[in-house]
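Enquirer: Listed below, chain by chain, are the residues.
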Amino acid sequence: MKAFKYLSPTTVEEAIAFHGRHSETAKYIGGGTDVIVKVKEGWMEPDYLISLKKIEEMSELHKNDATGELSIGAMVTHATLEKSLMIRNEYPIIYDAVSNIGSLQVRNVGTIGGNLINAVPSADGAIPLIALDGVALLHGPDGERSVEVKDLFIAPYKTVLKPREILKKITIPPQEPHTGSAYIKFGRRAAMELPLIGIGVLLTLDDDDTCAKARICLGVAAPTPMRAFDAENFLVGKKIDENILIEAGKIAADESKVRDSIRGKAWHRKEMIRVHVRRMGLKCLNMIKDNY
Amino acid sequence: MSKSNNELSSEFSVVGKRIPKLDAAQKAMGRAEYIQDIKLPGMLFGKILYSKYAHANIVKIDTSKAVAFPGVHAVLTGEDVPKKMKMGLIKDNPPIKKGKVCSFRDEVAAVAAISPEIAKKALGLIEIEYEELEGIFDPEKAMEKNSPLVHDHLKSNVLKMPWNIHYGDVEKAEKESAFVVEDRFTTTWVTHCCMGTSGAVALFDASENLTIYTNTQIPSLAHKDFLEALKAMGLENKRVRVIKPVIGGGFGSKLDTYAYEHIAILLAYKCHKPVKIVFDRVEEFKATSTRQPTVTYIKQGCDKNGKLTFRNMRMVLDNGGHTSWGATTPSVMLMPISSLYRVENVKYNAKCVYTNNTYSQAMRGYGNPQATFAIESSMDILAEKAGIDRIEFRRINKNRSGDETPQGLKITSCGLEECIDAVKEELKFDGKNEKGVGTGIASLIHVGGGARIYGSDGCGAILKMDDYGKVDIFTGGTDMGQGLDNITAQIVAEELGLLAEDINVVHSDTDICPWDVGAHASRSTFVAGNAALGAAKKVKKKIQDFASKLFDVPCEKIELKDKLVFVPEDKEKSMTIGKLLRKAHFRPGGTMLMAEHFYDPDNQNMGKELKGNMSMTYSFGAHGAKVKVDEETGKVEVLEYVAAHDVGRAINPLLLEGQVYGGVVMGLGYALTEEVTIKDGKIMNANFRDYKLFTAKDAVKIKAPVIETIDKDGPFGAKGIGEPGCVPTAPAIANAIYDAVGVRIKDLPITPEKVLAALKEKNG
Amino acid sequence: MTTNISFLLNGDEISYDIKDHWTLLHLLREEMGLIGTKEGCGNGECGACTVIVDKLAVNSCLYLAVEADGKTIETIEGLASTEGSLHPLQQSFVDNGGIQCGFCTPGMIMSSKALLDENPGADREEIKHALAGNICRCTGYIQIFESVEAAKEPVVENRGGQNE
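Chains as they are written, first to last, in numbering that gives the first Met the number 0: chain Y, 0 to 291; chain F, 0 to 763; chain V, 0 to 163.
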């Protein structure tokens, strides 16, 4: 592996300053499960790796009971999210997604922020955060700015982050009552998979059981994680039952931009969207029913 | 009825016992030394540069920058390889190519340097100009007249191999059949995925004798290959010593010698230093060989009572760019084709065809999984057409003890029917399954008593006893995790009245271990076991002879048990074996007890007619699967799996179950998830993320009933069982899927995509 | 780019001058000679290099040595007692056929240890989830699960209501 100098600042400002001093040849590193592979393979050749591990605020997972807002530090590991009962009970879609990323060894080290910034089309972590209307807080030399997670991605391996910017945390607005959410990673195996396709669904129902809010988010369905807006719009205002979800699945499959790859064929990916939008939708409905 | 595996072989003290693997504690502590762990003083590190193209002429190579790079000791190209240094079955493969490359895995240069990093950097400095040629990647297309030639000096891509047989009269039998079915099946590349990657360390002593540490399943044949390599290098009359470190998985991958071994030898010779080459995982995927992929056309028929009348099979094998043992897998495929179930009229033709893909090798089952996939899928199709229950159909045609098959295989012990019964008992097969759930069965025959594919199918053993009742046994056999160490120790201990822990099994060094043809063909328990047993019997005789004089009783009255040598009817006449050994040793004209035994089974080379009893005995088995198919996604879940085997005798049920479980899961990967994805000759998934081995989370419930038929020739009645676990797995699954949802998948692996596409076609 | 780090390795306090770009695997195997930890893929996809860092199983091939500073590291070499007797997990893997070729074994045992340390009563599903990142090609996993289960502390049964 190429030699580099490892720096471990304790504040975001310090990290950005380090980066400024070494400009072109510095890279941030989170858990390292993606960055180390890239350096080993020679796809990334940094002279400096600036670790974000010692920046305490970035590892905080916190729900504000007064406002209902959830704040996930970018350096929170997948395992931390997986083990949190609060996440499991209140944000099942996050639990579904993070509990099956890579192996436990990777989840113990890999971070939610790293999963987003790596920006692969198959990033499991992005789907729930988009479905939950998550907002990414970015911190750069000129201060902070917010970007919705859904707008974070430009292309495979490319985000809106400017070179020195750091993804500090993701905030999730308070969840409305009568909300259910679920994610499934479809692959050939039960573990260690990159999804052939990833499907996340979130539904919020009104008191009269009509759909107040719908989120259908897809991974590997396009060059970047995407929302199936047509399908979402179709659901809103309707009384949700299985037939409606079948229809939504078809719409979502149609608006996806799936492609053939060595991992899977486009037609099958489309089918899986169709089937799993319904299945995840039904799971959401059951969750809402159970919580009444 | 099968007994529980805990009740097997209770008449013995050591044989039949669940004795933990002898080297397990060492491995559990992280102390076992694999090739990765070997470090020698002054050692250099070698790296290999592979071709950039599947098919190309090498126009120019410039190594000057690499040679000049600090830390580099040597750079080799094809020009530096002696002309006669060639590898493989028909010696068509020099360790570094010159002039032309015919696959992406073709070696074009190699470097030795003071660190792996420097060697890798130096590879990047080698400049090669290629002239790309049109490649050919489909073996059936490669057979066509105008196809590009992989090897220019040959007139055709089709290899001259003898795989063409006809027993009985297939055409006549077909005409007389009541039911005939015909289908095409394909299997693709899969690979061994040994967790410990390949590697070797080569060094020469001051007299130019070679020592090579290498992961090999064939120490004696490797010894011969390396002697030939030295000869090609102009080093006549030198010695070669092959040392096997602890092997991190074999599965057939180490049945040939490879370029990295020859390159390590060349580099070590050039640098006068030890040179180590160890593959990284990507290299392991790209530069080791796969299981032989096949295209199979099968036609078989039966009469109105369900008796098989004929089996006619034709195969095309993708040979890749060079020829290793993959091209000989038809010799083993012949066995299930001619002899799985009773069938008198058999025709088989296989063509091995050069392409610009990777070349294949031996992999657990040696062709049998491919052939059995077609045969056992076709059996279900034929049973359905004939309107006969598929289990009954198999029973009608089952092999029986005493049969001689059209190929000339002599079936001695045969527990096939008991295996089928065991599967039926576990999985019911009563057709009462919920929607989307189905059961499937498939049987197997495999060599269980050696397999004569070489001038000798033998194995030697040397046994010596110390003064305290401990034994060192030097066996030609190879342990690569499968447990030959235990089998050897338990057999010897049983014979000599000792405990397994009293036996030290040495199997690692050709300087001290006798000859053996290799750890292949599930032959080690039978052949190496018989070699060890033969040596133990000789030593036992010596102990009895000595005790006979000591106790003044006839030899045959003396028994060995519980570390004692004694006369059962006279309690006074008893002594520890250790004491007897000392008495034999420390006296005027003393002696220490030793013996050697070379066992070469009385099996036959098939010869030109491709007929003959290739193995002393055959192992049988039946596998049953219960699956659930998700009809919306095509995903198959294995709910239950039963793998029943006729093993002759279970020498060690714990290790036997381990072989079966491991084989079955490897077979399930073959059936459902694994494939080396190759696009225009290039491997696209050279990593564990995209090459989909079963993970712990995918593991399924497996039952492994053991049928003991006590084979007359096996050591304590045992037959081989290393490979069968993965032989009929794919057809058992395919048959279960058909039973569940009515679609027949004929191409491995059976991915959700294929199942869903078939379901859509079926449902319109 | 040399950094001095201090860490607790299998109970020993270690101070070591390392290069920043070394992985923990490199430090253990190549520098310190602790060959028990294996490299199976180098990319975090096989688990052969699993060690325990502050109670968590991690792939040492993707973990920088510099980040071990101040941490408590456990490797396979630290499991057996100082008198040489095997750790219950090691013994259980030996006794139950959990080991064939043995290459995945150190990583497999370390993952199992991290699991049982955190969740001594782990059931079959939890074991499968925790070991999903440790690839084994030999065993089909069944005897590995049995090994882990047999190494669990025996459950003390509560004989409810039976006062003395």
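If you're looking for bench data, these hints aren't it; they were derived computationally from the structure.
Just so we're clear, the structure is a prediction, and the values are computed from it rather than from any experiment.
From the three backbone atoms N, C-alpha and C, an ideal C-beta is built for every residue, glycine too.
Be aware that one or more of the hints could be misleading.
As the list claims (entries may be wrong) - Per label pair, the in silico range of CB-to-CB distance:
no., chain 1, residue 1, chain 2, residue 2, range
1, V, G10, F, K434, 54 to 60 angstroms
2, Y, D150, F, K761, 42 to 48 angstroms
3, Y, G139, F, G763, 55 to 61 angstroms
4, Y, L84, F, K761, 54 to 60 angstroms
5, Y, N242, F, K174, 55 to 61 angstroms
6, V, P119, F, N503, 34 to 40 angstroms
Enquirer: CB of P119 (chain V) to CB of N503 (chain F), is that within 34 to 40 angstroms?
Expert: holds, 37 angstroms
Enquirer: Starting from the range 55 to 61 angstroms, see whether the pair N242 (chain Y) and K174 (chain F) falls in it by beta-carbon distance.
Expert: Since the Cβ atoms of N242 (chain Y) and K174 (chain F) sit about 56 angstroms apart, the hinted range of 55 to 61 angstroms holds.
Enquirer: How does the Cβ-Cβ distance of D150 (chain Y) and K761 (chain F) compare with 42 to 48 angstroms: does it lie in that range?
Expert: Given a distance of about 44 angstroms, which is inside 42 to 48 angstroms, the answer is holds.
Enquirer: Falls inside 54 to 60 angstroms, the C-beta gap from L84 (chain Y) to K761 (chain F)?
Expert: violated, 45 angstroms
Enquirer: Okay, G10 (chain V) versus K434 (chain F) on CB: inside 54 to 60 angstroms?
Expert: Distance hint for G10 (chain V), K434 (chain F) holds at roughly 57 angstroms.
Enquirer: Does 55 to 61 angstroms hold as the CB distance between G139 (chain Y) and G763 (chain F), or does it fail?
Expert: About 57 angstroms separates the Cβ atoms of G139 (chain Y) and G763 (chain F), which means 55 to 61 angstroms holds.
In summary, the structure is inconsistent with hint 4 from the numbered list given earlier, while agreeing with all the others.
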